[in-house]
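> Order-wise, the sequence lines are chains V and E.
Numbering-wise (the numbering used here), the first sequence opens with residue 1 and increments by one.
Numbering-wise (the numbering used here), the second sequence opens with residue 277 and increments by one.
Heads up, a few of these hints could be off.
In silico lysine-lysine, BS3-like type, Cα no more than 27 Å apart, as pairs [claimed, not checked]:
(1) E:K301 - E:K331
(2) V:K20 - E:K416
(3) E:K301 - E:K283
(4) E:K278 - V:K96
(5) V:K204 - V:K182
(6) V:K8 - E:K331
(7) E:K278 - V:K44
(8) V:K96 - E:K416
(9) E:K278 - V:K186
A short list of chain E residues far from chain V (calculated; beta carbon distances all over 12 Å) [as the list claims (entries may be wrong)]:
(10) Y289
(11) G319
(12) E352
(13) D362
(14) R429
Since the hints were derived computationally from the structure, they do not count as laboratory data.
Beta carbons are placed, not taken as given, at the ideal position from N, Cα and C, and that holds for glycine.
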Amino acid sequence: MAALEYIKPTDSIEAYNILKNNPGAKVIAGGTDLMVMMRNESIKPECIVDIKGIEATHILRFDENGLYIGASCTANEVMNFGPVKEYYPGLYDALKGLATYQVRNRATVVGNLCNASPAADTAPVLLAMGAYLDIQGPAVWQKPLLEFFTGVKKNSLSQGEFVQGLTVPRPEPGEKSIYYKKGRIKGADLSIVGVAGVFSRKGKLRIGLGSVYTTPVLVVADDLLDKDDLKDRLVERVLNSINPITDTRASREYRIDMTRYYTFKVAEDLMREASI
Amino acid sequence: MKDIILKVNGRKYNLRIDESMTLLKVLREELELTGTKEGCGEGECGACTVLMDGKAVNSCLVLACEAEGHDITTIEGLADGELLSDIQEAFIEHQAFQCGFCTPGMIMTIKGFLDENPNPTEDEIEEAIAGNLCRCTGYKPIVAAVKDLVERRGNDGYNR
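Isolated chain V (complex conformation) (with noise of 0.2 Å):
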């Protein structure tokens, strides 16, 4: 690694201004995805800003607005966290999945999302529960999930501006969630395909795919849920909606064939689980 600076502000707009004039800085949270890229040079950066020491993006809290989670908070803490198992169980599951328990230890949830792999476990089940995020610029403002994945390792972030911390709405009474990811293996893997699904009788159908697309995926398919046919239309608009490529981990086909499957699966589960 070359030569580079460390910074640690305590104030979140110290960090916008340092990032803002450094274009050769970048931020670190846990690390995890950086410390590789850095190791094997594919970035470069000249300063490192470590934003752990801004108190605001330690925060995990659940309330009446939903589940907020700061930029700091790791995988291990929000899985951790009570509500999420009980209010948000495809997050749950998504976190379960993440890596390893030691890179659980550091890796943060926001992190994941603005490393923006199309692998990404968090992101299929967060864009189907519609979350959004406090982005930190000369002010903090906020951007939907869904606005956010630009192309494969690309966010919609602007010089100097990073994620504070994210918001998942409150879930409706009886609403569902849930998250498949298929590896090769039964440990720790990264995707051949997740599918994460969120239902609610109310009229809420989502489907988050990740790994068949250069970003996350979200399908919405509220107006199906009166259809008699409604998985095999879901299934049809889904595999309109994904364009995945051949890669050492499996084939376009598989996992079209995958996606299809746990597509189905996800839509079953949903519904016997909301019917009980």
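Starting from the structure of chain V, add chain E where the hints point.
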């Protein structure tokens, strides 16, 4: 270069380091704590696992600067002189290692994990060590050592 104070195994060290140095590199090369191993260097193998404020982390993925202000524990911090920790004893009894390269990381993961979850199921044990690769043992004696240890610590680890 940056001056930092690192607290490792209860001692505070004054260090002047290059900001790009990982915690792993500082432990091994500046503090001569070579019990912590480097395997892959990218968070896949777990050989470099240490505790940071009691939580198991890959020290190859942590900048030494980030570790300032936190309590670091390495494998050297577990034994009390000649007196090994009960995890180390259990590993010896069950021959839970052969070449020993993964062992420090494996033991630190198990230490952090059991401190959080003293009564794990076998599945939970396997999941916890999924980030520690061992090419010798096939993992069975490691899991057996942990199960035995949990029972000996007076918990109901077998029947959950």
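> If you draw a straight line from the CA of E:K278 to the CA of V:K96, is it 27 Å or shorter?
The hint is violated at about 37 Å.
> Minimum C-beta separation from E:E352 to chain V exceeding 12 Å: can you confirm that?
Fine: 19 Å to the nearest Cβ keeps E:E352 off the interface.
> Sort out whether V:K186 lies within 27 Å of E:K278, counting only the CA atoms.
Distance ~42 Å between E:K278 and V:K186 Cα, so the pair is violated.
> Is E:K301 within 27 Å of E:K283, Cα to Cα?
Holds: E:K301 and E:K283 sit about 15 Å apart, inside 27 Å.
> Take the C-alpha atoms of V:K20 and E:K416, compute the straight-line distance between them, and say whether it is at most 27 Å.
Roughly 52 Å separates the two Cα atoms, so the pair is violated.
> Please verify that the nearest CB of chain V lies beyond 12 Å from E:G319's CB.
E:G319 not clear of chain V: closest Cβ-Cβ about 5 Å, inside 12 Å.
> Has the given pair, E:K278 with V:K44, been kept, meaning a C-alpha gap of at most 27 Å?
Holds, at about 19 Å.
> For the pair supplied as a hint, V:K204 and V:K182, confirm whether the alpha-carbon distance does not exceed 27 Å.
Measuring from Cα to Cα gives roughly 24 Å; hence the hint holds.
> Between V:K8 and E:K331, does the CA-CA distance stay at or below 27 Å?
Holds: V:K8 and E:K331 sit about 21 Å apart, inside 27 Å.
> Starting from V:K96, check that the Cα of E:K416 is at most 27 Å away, please.
Given pair V:K96, E:K416 holds - Cα atoms ~23 Å apart, limit 27 Å.
> Beyond 12 Å on every Cβ pair: is that true for E:R429 relative to chain V?
The assertion about E:R429 holds, with a minimum of 20 Å to chain V.
> Holds or violated: E:K301 and E:K331, Cα atoms, limit 27 Å.
OK: E:K301 and E:K331 at ~19 Å, within 27 Å.
Going through the hint list in order, the structure does not satisfy hints 2, 4, 9, 11.
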